[in-house]
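Enquirer: Chain by chain, the residues run as shown.
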Amino acid sequence: MYIPRGGAATTPAVREQTARVRAARERVPRNVYALGFVSLLTDVSAEMITSVVGYYLLVYLQVSTITVGFLDGLYSAIPVLLSLTAAYLADRYQRRKLLAGIGYGLSAVSKLGFPVVGRSVSGLGLVQGADRLGKGLRTAPRDALISLSTPASIQGRAFGVHRTMDTVGAFLGPLIAVVALGLSVAATAFDAVFVVSFCIATIGLLALLLLVADHREPAATPRKVPFRAALGLLADKEFRRVCLAATVLGVAWISDTFIYLVIQQRLALTAVQYALLAVGTSGSYLLLAVPAGRIADRIGRWRVFLCGHLALLVVYLLLAGPFGGPVLVCVTLAVHGFFYAMTDGVLMAHAGPMLPRELRTAGLALLQSVRALGAFVSSLAFGFAWSVMGSREVVGGYVVALLLALVAAACLVHPEKGTVPRP
Amino acid sequence: MSSSSEQAAQGARLARWRIWTFAAGSALMLAAAAGYSLYAAQRHTAEVAASPAHPFSSSLPLSGAPKILYVFSAVGGDQDHLAESPASGVGAPSFFALDCARAYAAGQTVVCLGTNGSLVQTQYAEVYRDVSGKTTLLDKIELPGIPSRARVSADGRLVAWTVFVSGDSYNGPQFSTRTGLLDLKTGTLIPSLETFTASVDGKPYHAVDINYWGITFERDDEHFYVTMGSAGKTWLMLGDLATHTLSSVVENVECPSLSPDGTRIVFKKRVSGNLSTPWRLYVLDLATLKETPLAETRSIDDQAAWLDDDTVMYQVPQTSGSGYDIWEVPADGTGTPRILIRNGSSPDAVGGS
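Protein chains in written order, with our numbering: chain G, 1 to 423; chain C, 1 to 353.
Keep in mind that the hints were calculated from the coordinates and are not lab data.
This one's a predicted model, so the numbers in the text were calculated from it and none came from an experiment.
Watch out, some of these pointers could steer you wrong.
[Said to hold, decoys possible] Computed list of chain G residues with no C-beta within reach of chain C, every gap over 12 Å: (1) R240; (2) G396; (3) C411; (4) L412.
[What the hints assert, rightly or not] Among the chain G residues that face chain C by a calculated CB cut under 8 Å, a handful are: (5) L58; (6) V195; (7) W386.
[Stated by the list, open to error] Across the chosen pairs, the derived CB separations fall in these ranges: (8) G/A410 x C/A27: 49 to 57 Å; (9) C/I339 x G/V116: 56 to 64 Å; (10) G/P322 x C/L14: 20 to 28 Å.
Glycine included, C-beta positions come from ideal geometry on N, C-alpha and C.
From just these sequences and the hints, can you work out the full model?
Expert: Structure representation (structure tokens):
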């Protein structure tokens, strides 16, 4: 278990007091900014592709929809499968930066694959697969590096900083794609988009290699982490309960796609308006990630994590009610952004310090995976329910489900008072 | 806590060489990105210069001798412009000012599906009418996705389109389509067929994953055929514009196209699980429901069109590059496919009446 500096403190009250004072003075480590910068560049590169790939495949190459559907399937299945394995390898050999680097590198190289493979189905599968494989490999080692670089008292703020930079990248990507396409008027400029995307991703990789410090720990214990030790993480009662609570909340979590589809169905939006829905959520997430992280560090990360789900509950209630009009859409998306700001990085910040340092990658990957598993079950259930009843009734059902999940989560892990790590 | 991580966590100074190497590497990559973009722009300019645009006509002669209207696909100044060639395929094409991803014309009405590549890409359907050689814009409809199929009824009254909607897909290998139509006589716009009531084998069919694509119109301007996809299957549906209903005819039919005499449908049939060769062109006799595979053995992804009552035509991707050729094959399963027009896509027979 993680032992804070000055762990030989006296009474809990004094300890909490000093920890707070120290936390306020603590700075987010440079490593977190460097990792944020890497994510920003990688997201710019990825979003450039996302914004043109549909048009490129369907109109320019006229690849069949069956192929595109197959590629979509690859998109969702690969990261979950591989993240756990990669995370375990990163811990076993204590090479987190290496695994993250392979992940970022694969995604960068895949960008150049597009102009090479042309219309070939297997080629396109390989290119998109490499990109997704890269994403699966890098996520958990990256979060572990953020967690390991940061003192326990400001984990929330550090993850907030990282997620903000990440989201800024997602905003800039499509704009840069437009500029790269705009330099040449014709469709023949698609290869320029891919090359520019590759160059930006490579700068991200360089930033990782040169500006980010690895964490290999602990030097004192044997280097190899047995597979059983990784599984043994779940033997820790506290962590197991966090995983369980995150899964239960995941099952009651309506995915973004469905939230946007419900809005689309109510308001009959155009394609452009539909695309703007995600921008609304990201905008609010971007602005609130750091404040939410700071507040989580002060009043308790689990408490903020649960409050974030209250924000999600508000989104459901708005959708289940007499929804309509641009004002309500804006309010809904803003609250949806609150939900992300208060949950995504905050959960990692909450779980990180309770995991042994040498197993942090595997632990965080495990937590992300069970949450994703819950969300996957939720999506299947939502899709099925929507085929037999109206969206209002389905969202109504999810209001009840989320309330129950919140109660269960609060019972499983009591919202802590402060964030002073246990001695 | 080990001392090495302590140092890193507290932000020990980065070695100078790391910062300089990063700066140099980034500058190199930015230069490469800018250089390649400029190169791509110049290459495009050179391609246009090597194959300059023909003079574009502003009118569309849709009547007169039988012709084939199509989208020109060769790289250069004429790319993506509507072109017209004699129905024999022999003879120089003439070009029009319209720039389309997919087009169709019948009864003096032209529909052109295109995109505007501004900051946020928008897609639209432009409907033109050709009155004694003068082409006028009747309507412009914003589309919810990437253009895929277009059709006009024989007398030019009804216009239909299908687009791909990427935002609709969730949980699995599915891609959504949206099919809409416009009645030029009444001005009625149906943005999506999903508002119609569907039935399969006489029983009402409900599902959240229903998609429609590829309309083809009957001559009565009331009935039409279209593909319905749901739960991994497809059906040929007969639609009714008076009752807003759709009922299934047969299973496994995509992108139907009704013959000029209204007796047969050419369509693509899913014959293989292989992603590279999923389809084969078939002709369905509507009276007997007998299906005949055509002599074209390649997998064709197109809504084929009828050159005349005995021949169908369709686009085939060229083996290199991003261009297309238009091929023809007899509609009775005999013969061999042959190239009708080079560097073209989205074919449609016009004139001859």
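Enquirer: Of the numbered hints stated previously, which ones are contradicted by the structure, given in increasing order?
Expert: Checked against the structure, the hints that fail are numbers 9, 10, while the rest are satisfied.
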